[in-house]
Amino acid sequence: MSDAKPVGIVLVSHSAAVAAAVAELAKGLAGAGAAVPVAPAGGTGSGGLGTSAELIAAAAASVDRGAGVAVLTDLGSAVLTVKALLAEGDELPEHTRLVDAPFVEGAVAAVVTAAAGADLAAVEAAAAEAYTYRKV
Amino acid sequence: MLDADFFRRWMTVTAASVDREAQRLTALDSPIGDADHGSNLQRGFAAVRAALEKEPPATPGAVLTQSGRLLVSTVGGASGPLYGTLLRRTGKALGDATEVDERQLAEALRAGVDAVMQLGGAAAGDKTMIDALLPAVDALGDSFAAARTAAEEGAVATTPLRARKGRASYLGERSIGHQDPGATSAALLIAGLADAASDAGAGDE
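Sequences listed follow chains A and B, in order. All residue numbers for the first sequence refer to this note's numbering, where the first residue is 29 and numbers rise by one. All residue numbers for the second sequence refer to this note's numbering, where the first residue is -5 and numbers rise by one.
These are computed hints drawn from the structure, not numbers from a lab. All values reported here derive from a predicted model rather than from experimental measurement. Yeah, the Cβ is synthetic: ideal placement off N, Cα and C, and Gly gets one too. Fair warning: there could be bad hints in the mix.
[Unchecked claim] Between beta-carbon pairs, the in silico distance windows are: (1) A:GLU122 with B:PRO25: 39 to 49 Å; (2) A:TYR161 with B:ARG97: 16 to 26 Å; (3) A:ALA45 with B:PRO25: 24 to 34 Å; (4) A:SER90 with B:ASP136: 27 to 37 Å.
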């Protein structure tokens, strides 16, 4: 699988700080040298809390290596904006998927799985499976 | 018949009323939302107005699809993709025609509202923009004025409802007693449509 192109991961949060920190956390836990492209798309373009379609589209383009892009979101407008961009058809790279997963745990699972050379479907499944991790 | 000018006027009139009512929308959004509905929509419709002035699209469908796309990219909150989807799907349903009649507009708007319901997963009675849009689309078969009245009544009728979608739904029972800001802005959009129609004058009928 070493020749396989990695799936790209986009992390969309209402907060730029949350998106960036979760990206850093996921990459850190995936191990040094993991070649998975991960891009945060947090907050509005002007630095406020909210969702920016432009930041999301730019982040998705930046992580696209041809193997697909998994997009994880936090709440409300983040989910709706990604869905609206997907419905548009040409705003996001081909094979971009909105993954239904918890934001932090899902991001870690997605990056770790992508780092192992998995395809988009496997990355999506791993992230979604994070819903079942009980903590207590 | 309704041409691209009519649709541009619809967007411009709505932009002006959103501008005028921004504080009221934000005030409605403070007890049950995050107090940015007015400013978010104001930013979005300002971008729509500026783009329509700069390079006016030639067909009704293009006016709405371009406006919708701008709302998705500039609003920053959930109302961006929701209103963006409404206008874009309505515009797509109108196709490339240079003029459409009122029945075609009503059908296209219904397709737009259906797309919003699908995107947000909201139904009638969930205390959302759908509660103004659905009655408006139903009344549009009668007249633009009837649609305006239906949307306004629909918005007011959200007050006793309990929110089941969006941030307000986290409040549960405490969302009861507040008029929904999204339904209120949706009523402004439909009022803009009625205003654009009355500006067109009876001679156009």
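To see whether the hints hold, each was checked on the structure:
1. A:GLU122 with B:PRO25: 39 to 49 Å: Holds - the Cβ-Cβ distance for GLU122 (chain A) and PRO25 (chain B), about 43 Å, lies within 39 to 49 Å.
2. A:TYR161 with B:ARG97: 16 to 26 Å: violated, 53 Å
3. A:ALA45 with B:PRO25: 24 to 34 Å: At roughly 27 Å between Cβ atoms, PRO25 (chain B) and ALA45 (chain A) fall inside 24 to 34 Å, so the hint holds.
4. A:SER90 with B:ASP136: 27 to 37 Å: Given about 50 Å between the Cβ atoms, the range is violated.
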